[in-house]
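**Student:** Kindly produce the complete structure, drawing on both the sequences and the hints.
Those protein sequence lines, which keep their order, are chains A and B. Residue numbers are given in my numbering: position 144 of the first sequence equals residue 144, and the series is strictly consecutive. Residue numbers are given in my numbering: position 62 of the second sequence equals residue 62, and the series is strictly consecutive.
Since the hints were derived computationally from the structure, they do not count as laboratory data. C-beta atoms are modelled at their ideal positions from N, C-alpha and C, and glycine is treated no differently. Some hints could be false.
[Stated by the list, open to error] Interface residues of chain B toward chain A, partial, derived using beta-carbon atoms under 7 Å:
| id | residue |
| --- | --- |
| 1 | G18 |
| 2 | E128 |
| 3 | S129 |
| 4 | L175 |
| 5 | R180 |
Number of protein chains: 2
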Amino acid sequence: MRGQRTRAEDQRSRRTKGRIKDALLVLLASRGFNELSVSELCREAGVTRSTFYRHFANLSDVVDELIDACFEVSSRNTRSGGPGGTLDNARRVAAMTEPNELRAHETLLPACQRLANDEKYLPLLMDESLAEHVIHRIYQAEIENSVPLYMGRGGLTRREAELMYLRDLYGTFFLNRALRWHKDDYWYRMHILATRATLCALDSVRGTPIVPRSAPVVTER
Amino acid sequence: MRGQRTRAEDQRSRRTKGRIKDALLVLLASRGFNELSVSELCREAGVTRSTFYRHFANLSDVVDELIDACFEVSSRNTRSGGPGGTLDNARRVAAMTEPNELRAHETLLPACQRLANDEKYLPLLMDESLAEHVIHRIYQAEIENSVPLYMGRGGLTRREAELMYLRDLYGTFFLNRALRWHKDDYWYRMHILATRATLCALDSVRGTPIVPRSAPVVTER
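**Tutor:** Here it is in structure tokens:
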């Protein structure tokens, strides 16, 4: 009996949280995150403030859960699994020559570049004041996969690799933003180009055929 | 006589604007741009609201003038002058092997990467809600220099070049942010790496030796 009641409570709790999260997406569609208050969100969701605070610490907390849902952190098994796989995937994307190839195999892209697979998350991804928050969350979720790849492939120190990864992450996030995360041919083509750019940069950041003289390892401080 | 009075007026006007701009930097050092109002700025600057509105349309207008000052749009003559020069400069930076080389020749970097040469602008460059505003302003100022470079070097269409430039601009801006624009050895080393990354990406975005098969031109929509 006790177990059933708990399951019922869990279900109700999940529904309430879902309503609050959906309400935030509705509000973000017309206004900036900075302008919103907990009271407004409660009004939109049809819950009391005390209900809100039973489920979330504050507005940022709701955003974090939305990002995680959008990012499908729980469905990592659909992803490549490890840096080796990721690098192979990136190589396959870089070798593509037309948008439809990538469209047919878009799971080859890192999850962070497929965030807008469900359009309902678009207001979250387009909000100006949330950009750094979202990127920071992706960074935390991806860093252990990505940084070894940068270190191994690019021959960078840990800190250099983190910063180069951050640079690519910001760049690609805002590329997505400029395209409004809209997956037309153009989006796929730009992601092929961006993947090539990232791979080539990684490959040659320690010494590249296009610089006029050999460029050995930069000395670590 | 008339000319003299006008010059005196101009001087007074410049001083008033300077006071308002400095006051904004003072406020930004402790609070986010989003939280500021014209009234507060007037109080900090010691001017009336009507004085403020004689010189600026709104707070964003003050930000724009600060960015321009910081960016030294007027001192373009200190810069490379044209995409050819910029590319040669980038090649020279990419070929460097230690921080001091770049420190001794830092004008080889694009102006947008040297924004924080005067520390007083740091609050402007670190404000979270102003990042996109600042980047957009840089984009507008640099686009005619940078996009032909991307088109020529990378073989991209105009729109592709704009987007790849935007990607690099965001990436490097936030790399600077992560380093708090602080020019220690580390900053110079990261800029050597980032310049190599950008050049190599440009060079190979259309077909690269590291992809397993030849990667011809992506078809334009």
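**Student:** Is the interface hint satisfied for E128 (chain B)? The criterion is a beta-carbon contact with chain A at less than 7 Å.
**Tutor:** Constraint on E128 (chain B) satisfied, holds at 6 Å.
**Student:** Does S129 (chain B) meet its interface restraint, that is, does its C-beta lie within less than 7 Å of any C-beta in chain A?
**Tutor:** holds, 6 Å
**Student:** How about R180 (chain B): closest beta carbon in chain A under 7 Å, or not?
**Tutor:** violated, 12 Å
**Student:** Verify the interface restraint on G18 (chain B): the C-beta must sit less than 7 Å from at least one C-beta of chain A.
**Tutor:** violated, 29 Å
**Student:** Regarding the hint that L175 (chain B) lies at the interface with chain A, is the smallest CB-CB distance below 7 Å?
**Tutor:** Hint on L175 (chain B): holds, closest Cβ of chain A at ~5 Å, below 7 Å.
When the structure is compared with the earlier hints, violations turn up for hints 1, 5 and for no others.
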